[in-house]
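In order, the protein sequence lines correspond to chains A and B.
Under full-length UniProt numbering, the first residue of the first sequence is numbered 1, with each subsequent residue one higher.
Under full-length UniProt numbering, the first residue of the second sequence is numbered 1, with each subsequent residue one higher.
Simulated from the structure, these hints should not be mistaken for laboratory data.
Glycine residues also receive a C-beta, built at the ideal position from the N, C-alpha and C atoms.
Treat the hints loosely; a few may be bogus.
[To be verified] Listed next, with one range per pair, are the computed distances between beta-carbon atoms:
hint : chain 1 : residue 1 : chain 2 : residue 2 : range
1    : B       : Gly159    : A       : Ala149    : 44 to 50 Å
2    : B       : Ser229    : A       : Ala69     : 32 to 38 Å
3    : A       : Ala57     : B       : Lys18     : 51 to 57 Å
4    : B       : Thr65     : A       : Arg173    : 48 to 54 Å
5    : A       : Thr61     : B       : Ala32     : 30 to 36 Å
6    : B       : Phe12     : A       : Ala69     : 28 to 34 Å
7    : A       : Trp87     : B       : Thr167    : 41 to 47 Å
8    : B       : Leu231    : A       : Leu137    : 40 to 46 Å
9    : B       : Thr65     : A       : Leu137    : 27 to 33 Å
10   : B       : Pro83     : A       : Ala65     : 53 to 59 Å
[Claimed, not checked] Rough simulated footprint, nothing fancy, chain A against chain B, three-plus residues with beta-carbon under 8 Å:
hint : region
11   : 48-59
12   : 102-109
13   : 210-222
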Amino acid sequence: MLRLLSFALFVATWWIASLVIGDAKLPAPPAVLSVLIAEARSGALFVNLGATLARVALAFTLAMAIGSAIGYLMGRVSLANRLGDPWLILLLNLPALVVIVLAYIWAGLTEVAAIAAIAINKLPTAVVTLREGARALDPALDEMATAFALPRGRAFRHVILPQLAPYIAAAARSGLSLVWKIVLVAEYLGRPNGVGFEIGVAFQLFDIPLLLAYSLSFAGVVLVIETLMVQPFETRLTRWRLRAA
Amino acid sequence: MQLEVNITGKSFESAAGKRHDVLDNVTFTLNAGEVGVLFGPSGCGKSTLLKILAGLDGNYRGHVTRSPGMRLGMVFQEPRLLPWRTVEENVRLAAPDVDDGTLAALFEVLELSAHCNHFPGELSLGLARRVALARAFAIEPDFLILDEPLASLDNALAGRLRDQVATLVASRKMMTLLVTHDLDDAVRLGDRLFFLSPRPARILHVETIVTPRATRSEPEIDEIKRQLSQLDLANM
Numbered sequence: 001m002l003r004l005l006s007f008a009l010f011v012a013t014w015w016i017a018s019l020v021i022g023d024a025k026l027p028a029p030p031a032v033l034s035v036l037i038a039e040a041r042s043g044a045l046f047v048n049l050g051a052t053l054a055r056v057a058l059a060f061t062l063a064m065a066i067g068s069a070i071g072y073l074m075g076r077v078s079l080a081n082r083l084g085d086p087w088l089i090l091l092l093n094l095p096a097l098v099v100i101v102l103a104y105i106w107a108g109l110t111e112v113a114a115i116a117a118i119a120i121n122k123l124p125t126a127v128v129t130l131r132e133g134a135r136a137l138d139p140a141l142d143e144m145a146t147a148f149a150l151p152r153g154r155a156f157r158h159v160i161l162p163q164l165a166p167y168i169a170a171a172a173r174s175g176l177s178l179v180w181k182i183v184l185v186a187e188y189l190g191r192p193n194g195v196g197f198e199i200g201v202a203f204q205l206f207d208i209p210l211l212l213a214y215s216l217s218f219a220g221v222v223l224v225i226e227t228l229m230v231q232p233f234e235t236r237l238t239r240w241r242l243r244a245a
Numbered sequence: 001m002q003l004e005v006n007i008t009g010k011s012f013e014s015a016a017g018k019r020h021d022v023l024d025n026v027t028f029t030l031n032a033g034e035v036g037v038l039f040g041p042s043g044c045g046k047s048t049l050l051k052i053l054a055g056l057d058g059n060y061r062g063h064v065t066r067s068p069g070m071r072l073g074m075v076f077q078e079p080r081l082l083p084w085r086t087v088e089e090n091v092r093l094a095a096p097d098v099d100d101g102t103l104a105a106l107f108e109v110l111e112l113s114a115h116c117n118h119f120p121g122e123l124s125l126g127l128a129r130r131v132a133l134a135r136a137f138a139i140e141p142d143f144l145i146l147d148e149p150l151a152s153l154d155n156a157l158a159g160r161l162r163d164q165v166a167t168l169v170a171s172r173k174m175m176t177l178l179v180t181h182d183l184d185d186a187v188r189l190g191d192r193l194f195f196l197s198p199r200p201a202r203i204l205h206v207e208t209i210v211t212p213r214a215t216r217s218e219p220e221i222d223e224i225k226r227q228l229s230q231l232d233l234a235n236m
C-alpha cells in the first residue's frame, strides 16, 4: 500500500515538473508511456532488456564465483593474502571506465570483453567481503569439525558455508547494484543492443521519451529482481537468526 | 582399544618471541571401559593436553598412540553447536549413521526429546551442554573426551547431568577422559584420577579407585574425598 502511494507520488511529481520545465526537456508520463508501449509492441524493449539481463547474470555469476573463491583463499592463507593484496587495492580503485575501454581495446567490441569488464569491476568487492568472512570464521567450530572427523566437503558445506552466508549475501547485494550501474556503460560504449545501447541512441537523437522509457523499464526490472529474488534470499539465509532472537 | 600418552613437553611462543611451557611430563595409558579424570588448577594446561589427545594439536614433544580406527567423541568446554542447525540436525551432522531409535533413547536419557527441533540460540547453557553430550555419545565413540561438561551449571542441574553422564558412560565400553576441577565429580565418575601440577603441567599423583563406579557408597566416596583433600600436592 505504502509502496503504491510512494509510486503515485513519484508520478505526480514527475508530471508537475514536466509542466514546469516543459515537454521538450521532460516529457509528461503519458508521452513516455506511449513510447514504452510502442517499444514493447515491436519487441525491441524485451530484446534489449533481455540482452542486458543476460549480461548482468553472466558477469554477476562469474564475479561472485571467482571473487568468493579468491576472497576465501586470501582470508584463510596469509601468503595468498600478501600476494593478492596489492592487486586487490589496484582493482578496487581502478575506474570502471578504464577497465571497460581497455577490455574493448584488447578483446575487441565483443560480448566476452563486455562481460569480462563488468565482472572485473565487481570482482574486488566480492574478494574483500569474502576475505572478511573467511577471517571471521570461528576456529572453535573448525576444531569441532576436526574432532568429530567430519569429511572436508561436509565440513565446508555445513560448518564453513553457513558462516560465510551473510558475507556472500552482502557481496551479492552490493555487487548486484554495482553491476546494474556498470552494465549500461559497457553497453553504451561497445555493444549493438541492450538498455545501455538504446540509451546511447536516444542521447544522440535527443529522444528524451525513448531515453526515459528505457531508463524507467530498467529501473522497474531492477526493483522487481531486488524485491522478488535478493530480499527473499537474504531472509532465507538468516532464518535461524530470526528464530533464535 | 587403548590410548598411550607419552608427552615430554609442549610450549607456545608468545608474539614477543618468549617461550611459555604449558606441559611438562605427562605420561599415562587409558584402557577400554576406563574413566580417567584429569584434575588440576585452572589454567594448568588441561585444555591444551586435551587438544593434543584429540588430535587437534600436533605440535608437542613426545608421542600419543591411539588404537587404529578409534572413534573420538568430544565435549568441549563451550557447547560448540552450529547455531543454524536444530538440536537434532547438530547431532546428526556429527553422527550421520545413528539410527532413529538410538537417537531417541539418547535424547530421552538427556531429557532433550522436547527440544529436538529447537535452534541452539533458543537453549539455556545447561540444555546446550546436554546437546553437546548427545552429539558426542551419538557417534558411539571408542574414546570420549569431556572438558568440564558440568562447569558453571547450578548444583541441582550439575548433579542430574552428572548422573546422566554416569549412566551413558556405564552403558558402553569406551575410554573416557574427564577434565574437572570438582573433586566430587572426579571421585563419583572416575576410575583413575590424575592430579596435575600448575603450569607447566605434570602428573603429581595418580589415585586408582578400586570399587567399581556403580557400587561406590556415599561413605566410601566421602572417605576418598577426605583422603585426597589431605594430599600435599604443593610439595610433590
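Right, here's what the structure says about each hint:
no.	hint	in the structure
1	B/Gly159 - A/Ala149: 44 to 50 Å	violated (32 Å)
2	B/Ser229 - A/Ala69: 32 to 38 Å	violated (58 Å)
3	A/Ala57 - B/Lys18: 51 to 57 Å	holds (55 Å)
4	B/Thr65 - A/Arg173: 48 to 54 Å	holds (51 Å)
5	A/Thr61 - B/Ala32: 30 to 36 Å	violated (53 Å)
6	B/Phe12 - A/Ala69: 28 to 34 Å	holds (33 Å)
7	A/Trp87 - B/Thr167: 41 to 47 Å	violated (59 Å)
8	B/Leu231 - A/Leu137: 40 to 46 Å	holds (43 Å)
9	B/Thr65 - A/Leu137: 27 to 33 Å	holds (32 Å)
10	B/Pro83 - A/Ala65: 53 to 59 Å	violated (26 Å)
11	48-59	holds (count 4)
12	102-109	violated (count 0)
13	210-222	violated (count 0)
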